[in-house]
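Enquirer: Here is what each chain is made of, one letter per residue.
Number of protein chains: 2
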Amino acid sequence: MSEILRYIDQNSSRFRAEMYDFLRIPSVSAKSEHDSDTRGAAEWLAQRLRDAGLEAELRETPGHPVVLGHWRGAGPDSPTVLIYGHYDVQPPEPLEEWTSPPFEPTERDGRVYARGSADDKGQLYMHVKALEAHLATQGSLPVNVIVLAEGEEEVGSANLVPFVEQNAAELACDAVVISDSNMYAPGMPSVLFSLRGLAYFEIHVRGPRSDLHSGQFGGPVVNPGNALAKIVASLHDADGRVAIEGFYDDVLEWDEETRDQIRSLPFDDTAYKADLKVAALGGEKGWSTLEKLWIRPTCDVNGMLCGYTGEGAKTVLPGKAMAKVSFRLVPSQTPERVKKLLEAHLARVSPPGVTVELVELHGGRPWKAKVEGKLVEAASEALEQAFGTRAVLQGEGGSIPIVVDFEEKLKASALLVGFALPGCNLHAPNEWFPLDAFHKGIGALAILYGKLG
Amino acid sequence: MSEILRYIDQNSSRFRAEMYDFLRIPSVSAKSEHDSDTRGAAEWLAQRLRDAGLEAELRETPGHPVVLGHWRGAGPDSPTVLIYGHYDVQPPEPLEEWTSPPFEPTERDGRVYARGSADDKGQLYMHVKALEAHLATQGSLPVNVIVLAEGEEEVGSANLVPFVEQNAAELACDAVVISDSNMYAPGMPSVLFSLRGLAYFEIHVRGPRSDLHSGQFGGPVVNPGNALAKIVASLHDADGRVAIEGFYDDVLEWDEETRDQIRSLPFDDTAYKADLKVAALGGEKGWSTLEKLWIRPTCDVNGMLCGYTGEGAKTVLPGKAMAKVSFRLVPSQTPERVKKLLEAHLARVSPPGVTVELVELHGGRPWKAKVEGKLVEAASEALEQAFGTRAVLQGEGGSIPIVVDFEEKLKASALLVGFALPGCNLHAPNEWFPLDAFHKGIGALAILYGKLG
Chain A
15 MSEILRYIDQ NSSRFRAEMY DFLRIPSVSA KSEHDSDTRG AAEWLAQRLR
65 DAGLEAELRE TPGHPVVLGH WRGAGPDSPT VLIYGHYDVQ PPEPLEEWTS
115 PPFEPTERDG RVYARGSADD KGQLYMHVKA LEAHLATQGS LPVNVIVLAE
165 GEEEVGSANL VPFVEQNAAE LACDAVVISD SNMYAPGMPS VLFSLRGLAY
215 FEIHVRGPRS DLHSGQFGGP VVNPGNALAK IVASLHDADG RVAIEGFYDD
265 VLEWDEETRD QIRSLPFDDT AYKADLKVAA LGGEKGWSTL EKLWIRPTCD
315 VNGMLCGYTG EGAKTVLPGK AMAKVSFRLV PSQTPERVKK LLEAHLARVS
365 PPGVTVELVE LHGGRPWKAK VEGKLVEAAS EALEQAFGTR AVLQGEGGSI
415 PIVVDFEEKL KASALLVGFA LPGCNLHAPN EWFPLDAFHK GIGALAILYG
465 KLG
Chain B
15 MSEILRYIDQ NSSRFRAEMY DFLRIPSVSA KSEHDSDTRG AAEWLAQRLR
65 DAGLEAELRE TPGHPVVLGH WRGAGPDSPT VLIYGHYDVQ PPEPLEEWTS
115 PPFEPTERDG RVYARGSADD KGQLYMHVKA LEAHLATQGS LPVNVIVLAE
165 GEEEVGSANL VPFVEQNAAE LACDAVVISD SNMYAPGMPS VLFSLRGLAY
215 FEIHVRGPRS DLHSGQFGGP VVNPGNALAK IVASLHDADG RVAIEGFYDD
265 VLEWDEETRD QIRSLPFDDT AYKADLKVAA LGGEKGWSTL EKLWIRPTCD
315 VNGMLCGYTG EGAKTVLPGK AMAKVSFRLV PSQTPERVKK LLEAHLARVS
365 PPGVTVELVE LHGGRPWKAK VEGKLVEAAS EALEQAFGTR AVLQGEGGSI
415 PIVVDFEEKL KASALLVGFA LPGCNLHAPN EWFPLDAFHK GIGALAILYG
465 KLG
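Line order of the protein sequences matches chains A and B. So the first sequence is numbered by our numbering: it starts at 15 and just counts up by one. So the second sequence is numbered by our numbering: it starts at 15 and just counts up by one.
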């Protein structure tokens, strides 16, 4: 391994420069105006896989292409590892809140700031470099490798499950390794025991035929903006619980061992509040912050729009109003059941005089890891060797819906080992990634491949 | 009078064409990008007053200029009438909902469609043409006339009251005549007995330092979007009443005579709902639709914005949220007291974990007419002669804050006689004005000047 790790040390500047080239491509999958950029990122990545010594190609889907790389040189008796990541990124808005441009990677204080640096182009590229380090120094890899990078993770991965189903034989593997999550803290590498799921909706409230003068019509006309506020407010009770009937029926009561493990992690609510610049925390009463983030479900407004929102006072009674509302789910909730419960709730709370439509935008199931076994053990050892400290088990509040599908369709266990940090501003302005984790993490992944071989 | 009315008949096409030139100028006072257009509209109007035979000039204010016209030829023993109107218009957005462009007047079905056609450029211009008809045919007017047209009515008239105070001697008059309101129905001209006031605010809710990933932070972090919905929802109770403590303390209990008069007017809730394309009406329980519109106060969301509102699913926990919320006030409520009550309400309902700021954008007091006396009598007769039907007394849900100030500062009674129609889409897409009312109304105003002389 020492030759491999030396190679990684010697090439670290080049690795970083290449990652920056990747980050400069605005592969915003949600916006059709960026379709050619998104394809450009896929082509760039495929070429880098070929440069590292893999076979790689773009495979078309009804949406953005999948990048598929293969190295089969370990032979049929060696295990096969599928590395999954995504080359698409979230929209960068609001642009005015970025200190440096979102698609011009900029180093400050040992971090690189750029959209996609943490989620997930930076982390995906670490695997490419760990593979290169083996192939460049040994001429081979200790395992067979499949690299599968999609371009639709940020818009719901609608075409990935069909792709995996249709190509299950080609994608057959023993383990799926994913780096699209955080370490617990700086210098505290971790392996995930869970992911939350997601059910993302738009609620459209429609009232009168058009916007109206709020003086000439205000009073008898039901205002879609007020109605939307009433509907959104009805989604929580006074204790911060989601007030949708049946919402908690499928929520797993986690075992005491997991809850003990969560409690054993250092966490400082005061520092957390100070970092976020808030005076108080909220959410569901009776649970700690880490529990609220990892093992309890949520309901959050992601966006809300109605009427006139520009400069000055326009006295308009809006004809319609819209909210984007999403739920983070925990085992064993499903987006399908949450949608049904929400539909019933809306029917109950929507006032007469407006019509309310629910549109489902995105859904993904929550995931619970098998924490006993060779996979987590190998990862823990690799992380300890590379970072010089014992890895911890942690939950993750975000969602990677494909993980459950991978386990089901490919009958393989998933390992989630990520290198971003809490506060990395994922999906927010000024996303960043720690440069020392980029470097050490490539080493950890190279060691991990060795242990899996 | 017959010579004057004949002149109006003979010149009606030209009058209309001139009004369309006025409407083509996008004098959107709320938007600084239209400042030169707004001034252009003022200059255009001053020139038309001069063309009609008045002296006219632009008088500067800290904002948009006042257009001031004078004709003093009736002599000091004759009464002086001040005609007030405004040459600024509401923003035209949302543009995509206009059938024809907002600043290209287009005739359809006996109406002209354009921003400002009803509110108020079209109606203001009727006075200019009624003055011209007298001066062109008689060489004189039966009264002394002051025309005062402001360019900031749609943004709160902040500079008009100081202007009136500073120029009270020059503006001294016996009556203030304003055409910036509706007839009760097609062919049913009316005089107003009341106007509602206005208190217009922005509520800003600020949470964490920036937008956050809704998976990585959702749960313990208080979401400003959810908090805003809760705050807005708290503004009404289950009976549609404004749920702010003390809000109804200053609301006048109207006399039975006025309520009888309102009840005597033909009004069809079914047709009203059909026109608005709503299945049901709402608002304060226990009051009729006309009462809700004219003599009861309201609270309406005018705009609401937070988070990501573009295409697709962005899983963001917004760092801030904003609502524009306005109250229509009735005698004897005041914007000042409503602001105090709202501030106390916000302090009570705002959840910990966010900060809430109230910004006052616009305020105006409600008005109650002196319905007995020569002024209303003269107007009723003039309307009956021009339209061939008896004028009715009606309330008005909108606000013209300057009316109360005129009465106080100039010690003159105000007469509100308007020619737009319910459904004219004031402040909304596809604003229109009835062309027959434009024509007959110029006649009615010419007769009115005669009766006041």
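Careful, some of the hints might be misleading.
One copy or two, it doesn't matter: identical chains are merged, so the pair holds either way.
[As the list claims (entries may be wrong)] Once the Cα atoms are required to be at most 25 Å apart in a straight line, the calculated BS3-like pairs of lysine-lysine come out as:
hint	residue 1	residue 2
1	334	299
2	299	423
3	334	287
4	425	384
If you are wondering where the hints come from, they were derived from the structure by calculation, not from laboratory data. These numbers come from a predicted model, not from an experiment.
Enquirer: Take the hints in turn and mark each one as holding or not.
Expert: Verification of the hints:
When the C-alpha separation of residue 334 and residue 299 is checked against a cutoff of 25 Å, the pair qualifies only between copies, where the shortest distance is 23 Å, while the shortest distance within a copy is 34 Å. In this assembly of identical chains, residue 299 and residue 423 lie within 25 Å of each other by CA distance neither inside one copy nor across copies; the values are 38 Å within and 57 Å between. Taking the shortest alpha-carbon separations for residue 334 and residue 287, only the inter-copy value of 16 Å comes in at or below 25 Å, while the best intra-copy value is 36 Å. Taking the shortest Cα distances, residue 425 and residue 384 sit within 25 Å of each other inside one copy (13 Å), while across copies they are farther apart (84 Å).
The structure fails to meet hint 2 from the earlier list, while all remaining hints are met.
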